[in-house]
Each structure stands twice: as structure tokens, then as C-alpha cells.
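From first to last, the protein sequence lines stand for chains A and B. 64 is the number of the first residue of the first sequence in our numbering; add one for each residue after it. 43 is the number of the first residue of the second sequence in our numbering; add one for each residue after it.
Honestly, I wouldn't trust all of these hints.
The list that follows gives simulated cross-link-like pairs (lysine-lysine, DSSO-like), each with its CA atoms no further than 30 Å apart [to be verified]:
| no. | chain 1 | residue 1 | chain 2 | residue 2 |
| --- | --- | --- | --- | --- |
| 1 | A | Lys420 | B | Lys201 |
| 2 | A | Lys400 | A | Lys367 |
| 3 | B | Lys99 | A | Lys256 |
| 4 | A | Lys414 | B | Lys201 |
| 5 | B | Lys99 | A | Lys255 |
Not the full set, but computed from the structure, chain A residues with beta-carbon under 8 Å of chain B [unchecked claim]:
| no. | residue |
| --- | --- |
| 6 | Val84 |
| 7 | His90 |
| 8 | Ser92 |
| 9 | Phe253 |
| 10 | Glu272 |
| 11 | Arg273 |
| 12 | Lys321 |
| 13 | Leu322 |
| 14 | Asp423 |
Derived from the structure by calculation, the hints contain no laboratory data. Think of the CB as a built atom: it goes at the ideal place given N, C-alpha and C, for glycine as much as any other residue.
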Amino acid sequence: MSETKEIIISSDKIHTDQYLVNMGPQHPSTHGVLRLLVRLEGEIVHHIQPHVGYIHSGIEKMCESLSYPQVIHLTDRMDYLSAHMNNEAVCLCVENALQVEVPDRVKYIRTIMDELTRLASHQLWWCVMGMDLGALTTFFYGLRDREHILDIFEETCGARMTLNYSVPGGVMFDIHANFQKRVKAFITEFRKKLPEYDQLLTGNVIFQERTNDIGYLSLEDAIAWGVTGPSGRGSGFSCDVRKHNPYSAYPLVQFEEKLDTRGDSFARYRLRIEEMYESLHIIEQLIDNIPEGDYAVKMKGVVKLPEGEFYQRVESARGEFGVYIVSDGKKNPYRVKFRSPGFSNLFALNKMAAGHKIADLVAIMSTLDLVIPDIDR
Amino acid sequence: MGFNIYDFSGMTHNMHLWFMERMSPTATTIVEWTVIGVSYMLFVALFGLFLVYAERKVCAAFQQRLGPMRVGFWGVLQTIADFIKLLMKELIMPKSADKFLYNLAPFIVMIATFLAMAVLPFAKGLQTLDFDIGIFYVTAVSSVGVIGILLAGWSSNNKYSLIGAMRSGAQILSYELSVSLSLVTIIILAGSMQLSVIVESQRDSWFLFKGHIPSLIAFVIFLIAGTAETNRGPFDLAEAESELTAGFHTEYSGIKFAFFFLAEYINMFIVAAMATTVFLGGWMPLHFGSIESFNHVMDFIPPLVWFFMKVCGVIFLIMWFKWTFPRLRVDQILTLEWKYLLPINLVNILLMCLVVLTKFHL
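Model the full assembly from the supplied sequences, consistent with the hints where possible.
Have a look at this one:
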């Protein structure tokens with residue numbers, strides 16, 4: 064109650080013409096248990112206060128009592144759509160701390176898996192974006208294509224979403240014999256299917272009207288709020304970790320960091336579609352050249368990090384994902400902190416959506432591509 | 043009884059006489075009302091079920107899936123099963139709801155739907171009321187439904203419902219204009235508001251073709267505005283589930299929800315039936331000028347079949363809109379109406395006047 068009063072009575076004036084609506088924790092388009100306290104005047108959004116923590120699962124605290132290989136299993140429960148990137152971040156952090164050099168084969172496999180995960184994530188984002196705007200058909204088009212990627216995952220590592228494929232020192236198993244063949248078949252097919260996405264949604268007049276010049280985020284604001292990933296690049300913020308701080312096989316491949324300076328919903332939408340093309344391009348460069356060799360280096364039975372602080376960041380499908388480990392030399396980390404892209408991106412929502420309509424709020428939230436467990440951890 | 047699939051007027055007349063011989067005029071009227079009422083209810087229930095099934099199949103086809111397949115052959119019994127489920131569901135009312143209005147709202151929506159159905163000519167002689175102001179009557183009673191929606195949104199005491207209802211109110215009242223004006227265009231061409239006369243005067247050529255470009259424009263506007271008036275996608279702002287959970291009927295459950303649901307589908311039928319009657323020749327077969335053999339073959343198909351073929355065609359179009367377009371925003375929807383459709387419509391009426399004055403349509 065007090066919280067409600069506080070917002071209504073903000074700036075010394077009682078807004079009798081404004082009212083509060085709780086969007087969530089149960090709401091179809093917050094895509095999880097996110098609660099937005101929205102102050103509205105009629106249809107117009109005046110202020111958005113995100114309330115997080117409804118599915119806070121204490122992952123960072125749990126990590127303190129787990130060994131490093133076990134920590135990995137928790138990371139893909141956070142941003143379940145970038146599961147492999149999160150796993151990889153922890154692995155890279157541990158490997159850097161122990162100064163283990165992984166074989167090239169591992170680097171290639173990890174990068175391919177990264178990009179496949181990114182594709183699957185962007186496909187799902189596209190489905191949901193359409194659905195949030197009321198175009199329900201997109202949902203099935205996106206899922207249709209995503210299924211192929213999940214099948215490839217399942218064949219290689221047994222899981223479809225929470226992969227747990229990376230382990231410190233390599234990957235858990237070698238790739239399946241069919242892997243290369245199926246990935247290539249998928250690329251050929253998806254290159255044909257991707258233009259359908261544009262035909263169905265991008266060119267639509269209503270869609271254009273709903274996204275152009277809506278939810279503007281300036282470059283300064285994007286940097287100030289730490290908005291990363293396609294959402295940040297949509298405002299012209301060059302923040303691709305794959306470019307600026309390359310890891311795994313990214314230094315070896317040619318790809319473009321797509322940027323857009325318009326900063327509106329459409330820019331963020333367009334960038335994700337273009338990123339899908341880039342991901343396909345990256346996989347194409349790697350898939351035929353996976354070097355022979357071991358799929359993992361032999362690690363000690365109990366992984367112990369030297370005393371100190373270690374940080375590793377990777378580019379997840381949503382932005383910059385960081386792992387910060389403080390070690391006191393034991394087999395469990397002393398403290399773990401994850402820098403999740405969704406958390407930073409969410410809090411820029413007020414900047415973007417204030418002044419727009421409720422319908423735009425949903426659309427803008429969709430262009431941020433939020434995954435709630437990623438925010439709450 | 044003189045049953046004739048091409049002309050029902052004989053049959054209904056004979057039935058009337060048959061009742062009159064055996065009963066007093068008052069009893070006859072009561073019996074006839076009952077028969078008609080029951081038939082309409084049956085029709086609404088069955089056609090509503092069919093439309094829900096059709097929608098699910100059409101939507102499935104657009105979305106590359108099969109739709110309901112388990113209950114009955116190709117899932118034909120699915121909607122019946124769903125309906126039984128809705129009947130058995132508990133009716134949950136919000137504690138702070140306005141009880142009277144909350145319970146009244148679904149009935150108003152339903153009654154408006156039934157009222158509008160009364161004047162639709164299904165086939166020759168198969169029309170309950172043949173007013174001389176038939177079109178006027180339809181536009182009048184179909185806008186009663188919005189009261190039900192507003193009441194539902196208001197009485198639920200839920201902010202989402204209220205936003206949905208207000209959107210719906212603004213939208214339906216605005217698009218009412220376009221619907222009426224596009225119908226006025228055709229009234230000018232037909233010179234009558236009586237639906238049977240309108241159908242009869244399309245014997246040689248449908249108004250869609252007869253009225254040249256103005257009636258084509260009117261048809262397109264009628265389809266857009268009709269879709270908006272039935273609160274269907276891309277104009278389904280009132281129940282925009284990604285924004286307002288379910289809009290004005292968020293708080294309704296069980297059979298009361300089913301009323302809103304059914305009313306939406308039957309309203310779609312009414313819009314399609316009006317489009318059919320006014321633009322596509324109603325139950326009249328398709329005739330092409332003087333190609334006698336073709337016209338004879340077309341005449342062989344009963345009017346009832348023609349009517350439903352056309353109606354289903356229009357309904358398919360409306361479903362097609364819903365499953366391909368994203369939703370408009372509330373200000374865009376009003377802009378579309380007030381800044382584009384309305385001026386176009388007014389100019390279009392002038393054009394139609396010119397066509398009629400110059401006798402270009404004859």
C-alpha cells in the first residue's frame with residue numbers, strides 16, 4: 064500500500080487522473096513471473112517500475128557450496144535460451160584461472176554451439192515478438208525452424224535446452240557423427256526459411272507502424288543503463304563481446320558486428336534478424352574445418368582455482384553475460400556473481416516506454432527479449 | 043406443405059395456414075414465435091460450433107499444423123466437447139463486481155446478436171422480419187452489443203477489463219460510422235433499405251459489380267469496418283491477450299464466457315451475411331450477363347447453398363486477416379477510421395450518387 068501511495072504522490076502532486084496497474088507476476092506477455100508496476104493515464108504509460116525477484120532461486124548463493132563443474136549445471140537454468148553461452152562462460156573462466164589451453168577442436172565446437180544457441184534463441188524471440196504484437200502465426204513459423212536446432216542438440220549432447228555440454232577443459236562428449244551433416248542441412252534449409260520471417264512480419268504495414276519510432280533509446284542511455292546485446296547495438300552501442308574481447312574460435316572467423324543508430328523497436332528487431340544471418344555465416348565458416356583432436360583436455364578430478372578473482376564475459380543471445388568468481392583456493396568458489404544481460408536491459412524499459420501506449424510497452428518489452436530467470440537468478 | 047428448396051415462401055405460408063386452421067390467431071402467433079425462436083437458437087448454437095471448429099482448422103492451416111484431430115473424425119467433435127466443458131465449469135464472480143451488471147452483460151451481447159439475425163434473408167422466403175428499413179435496423183441493433191461489452195468491462199471491477207471495454211467502446215462506435223456509410227452507398231444504388239428488395243434487385247448482377255468502383259470501395263471498407271466491429275484481429279484490441287490478458291471478459295468464466303465467445307463468432311457471421319446480402323447478391327446465384335447455359339447451371343444450386351457459400355467465403359477472409367496481421371494500436375485504429383476510412387467513405391458516397399444520377403449502373 065505504501066509503495067502504491069509513493070508512486071501516486073510522486074513530485075508533490077497527487078495524480079488523480081492516473082492509476083496503477085500491476086502487469087504480472089502473472090501476465091501473458093511478461094514471459095515469466097516479472098511484475099511491472101505501471102502508472103497509466105488512460106492508455107498512456109507514465110512510469111514503469113519493474114519488480115523482480117519472483118523466481119529468484121539463489122543461484123549465486125548455491126554456487127558457493129558447489130564445485131566448479133557443478134556450477135556449470137546451474138548456469139543454464141538462468142538464461143535457458145542461451146544455455147550454452149552461460150556454460151561456456153564458466154568454463155572459460157575456470158580454464159583461464161587454471162591457465163588450461165583447450166584444443167582447437169573444442170574451440171570450434173563451442174563456437175558452433177554458441178551460434179546455434181543464438182539462432183535458436185533469436186528464432187524463439189521472433190515467434191514471441193510476433194505474438195506480442197498480435198500476429199499469432201509467427202509463433203509456429205519460428206518454432207518450426209527452432210525444432211531442427213534442438214534436434215541437433217539432442218543428438219549431440221542428449222539435452223534440448225539446458226545443454227550442460229561444456230565442461231572445464233573441453234566439452235562433455237565428442238560431437239555426434241551426424242553433427243556436421245545435419246548442421247549443414249539445417250543451414251541450407253534455414254537460409255531459405257529466413258526470408259519468410261520478413262515476408263510474414265517485417266514488411267507488414269501494421270508491424271512497421273507499431274515498431275518504427277517507438278521505444279527510442281539513445282546511445283548515451285544505452286551506455287548509461289548498460290544495455291548490451293542486440294538491444295544495445297540497436298542504439299549504436301558497439302558492445303559485441305565476440306568482437307571486442309574474442310574468445311573460443313571467434314578470432315578465427317569473419318563476421319560483422321551489426322549496428323543501428325535509430326534506437327527504436329524496429330532497429331532492435333532488424334538487428335536480431337540480421338544477427339541470424341551472421342550466425343549462419345559464422346557456422347558456415349567453421350563447420351567444415353573442425354580440426355581433429357581431443358574433445359577435452361584431461362583435468363584433475365577435483366578442480367581447484369588458485370586464490371584470486373576471475374572474470375570472463377561472453378556474448379549471450381541477450382547481451383553481455385559475465386561470470387565473476389572469487390576463489391580462496393578451495394574446490395568451491397568463495398563468491399560467484401553473474402552479470403546477466405536481461406537485468407540491465409530490463410531497467411532501461413522505463414526510459415524507452417514512458418510516454419507510449421500500453422500496447423507499445425508490450426512491444427518494446429518484446430524487443431528487449433527478456434528471459435525472467437536470467438533477471439532474477 | 044409444399045416444400046421447395048428454391049422458394050421457401052410457399053412452405054412458410056402453408057405452415058401459417060395449417061396452424062391458423064387448427065388454432066386461434068393468438069396461439070398461432072405464439073407457436074410460430076416459439077418455432078422461430080428455437081430455430082434461431084439451434085442455428086446459433088450449431089453454426090457457432092461450426093465456426094469455432096472452422097476457425098481452429100483455418101488457423102491451423104495458416105500455422106502449418108493440423109488443429110484438433112483427436113475427438114471424433116478430424117476433431118469434429120472437439121468444439122462440442124469444449125462447449126460441454128464450458129457448461130460444467132464453475133462460474134466465478136469477482137467479489138467486488140457489480141453483480142447485477144456483471145450478470146446482465148453477456149445477455150445483452152447475446153440479445154443484440156439475436157436481434158440482428160432476425161432480418162437476414164437466408165433464402166427466398168426464409169426471412170423472419172422483412173422491414174422496409176432492414177439495413178437501418180441491423181446497424182442499429184448490432185451496436186447495442188457494445189453496451190454489453192462496456193458493462194462487462196465496468197462491472198468486473200478489473201483495470202484490464204475496463205481498459206479493454208473502453209477500447210472496445212471507442213472502436214465500435216467509430217467503426218459503426220464506416221459500416222453505416224458503406225451501407226448507405228449501396229442504399230443509394232439499390233434505392234431501398236429493405237433487404238429482400240436489395241437481394242431481388244441483384245438478380246442480374248451483384249451490387250459489387252453493378253456499382254462499379256464505388257461499390258468495390260464500399261465493399262472493402264465494409265469488410266475492414268465489419269472486422270473491427272466484431273472485435274476480431276487485427277482489431278482485437280478489446281481482448282488483446284498479450285496486453286490485457288483477455289480484455290473485457292477477463293473475469294468471466296464458464297457459460298458466461300461462452301456467451302461472449304459465441305457472440306463474437308455469430309457477429310462475424312452477421313457481418314459476413316450482411317456483406318453477402320448487400321454486396322454479393324445474397325442468396326442469388328451468380329449470373330453472367332447473357333450466357334444462358336451458365337446461368338441455368340448456377341440456378342440449379344439452391345439459394346440456401348449460395349448464401350452459405352458466400353457467407354463462408356467472407357468469413358474465411360475475415361479469419362485470414364486475423365491469422366496473418368499483427369494487432370493495431372488503439373490510436374492507430376482510430377486514425378485509420380477517422381482520417382482514412384471516413385473521408386474515403388464520404389467521397390465514395392458522392393461517387394455513387396454520380397453513378398446513380400448518370401444511370402451508369404444500368
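*asked:* What's the verdict on A:Lys400 and A:Lys367, does the C-alpha distance respect the 30 Å limit or exceed it?
replied: OK: A:Lys400 and A:Lys367 at ~18 Å, within 30 Å.
_Check the hint pairing A:Lys414 with B:Lys201 against an upper bound of 30 Å on the C-alpha distance._
24 Å, holds
_A closest beta-carbon separation below 8 Å is what the hint needs, so does A:Phe253 meet it against chain B?_
15 Å, violated
*Interface hint outcome for A:Asp423 [beta carbon to chain B under 8 Å]*: This hint holds: A:Asp423 lies near chain B, its Cβ roughly 7 Å from the closest one there, short of 8 Å.
*Would the hint on A:Ser92 stand, with a C-beta cut-off of 8 Å toward chain B?*
It holds, given that the least Cβ distance between A:Ser92 and chain B is near 4 Å, below 8 Å.
*Assess, step by step, whether the Cα of B:Lys99 is no farther than 30 Å from the Cα of A:Lys255, and give holds or violated.*
26 Å, holds
_So, as I understand it, the hint says A:Glu272 touches chain B; can you test that by seeing if any CB pair is closer than 8 Å?_
It holds, given that the least Cβ distance between A:Glu272 and chain B is near 6 Å, below 8 Å.
_Given a cut of 8 Å on the nearest C-beta pair, is the interface hint for A:His90 held or broken against chain B?_
7 Å, holds
*Is the hint on A:Arg273 kept, meaning its closest Cβ partner in chain B is under 8 Å away?*
This hint holds: A:Arg273 lies near chain B, its Cβ roughly 6 Å from the closest one there, short of 8 Å.
*Would the pair B:Lys99 and A:Lys256 pass a check requiring their Cα atoms to be no farther apart than 30 Å?*
23 Å, holds
*With a cut-off of 8 Å on the beta carbons, see whether A:Val84 makes it to chain B.*
Since the shortest Cβ distance to chain B is 5 Å, the answer is holds.
*May I ask you to test the interface hint for A:Leu322 with respect to chain B, counting a Cβ-Cβ separation under 8 Å as satisfied?*
Given a least distance of 26 Å, the restraint on A:Leu322 is violated.
Taken one by one, the earlier hints fail for this structure at numbers 9, 12, 13, listed in ascending order.
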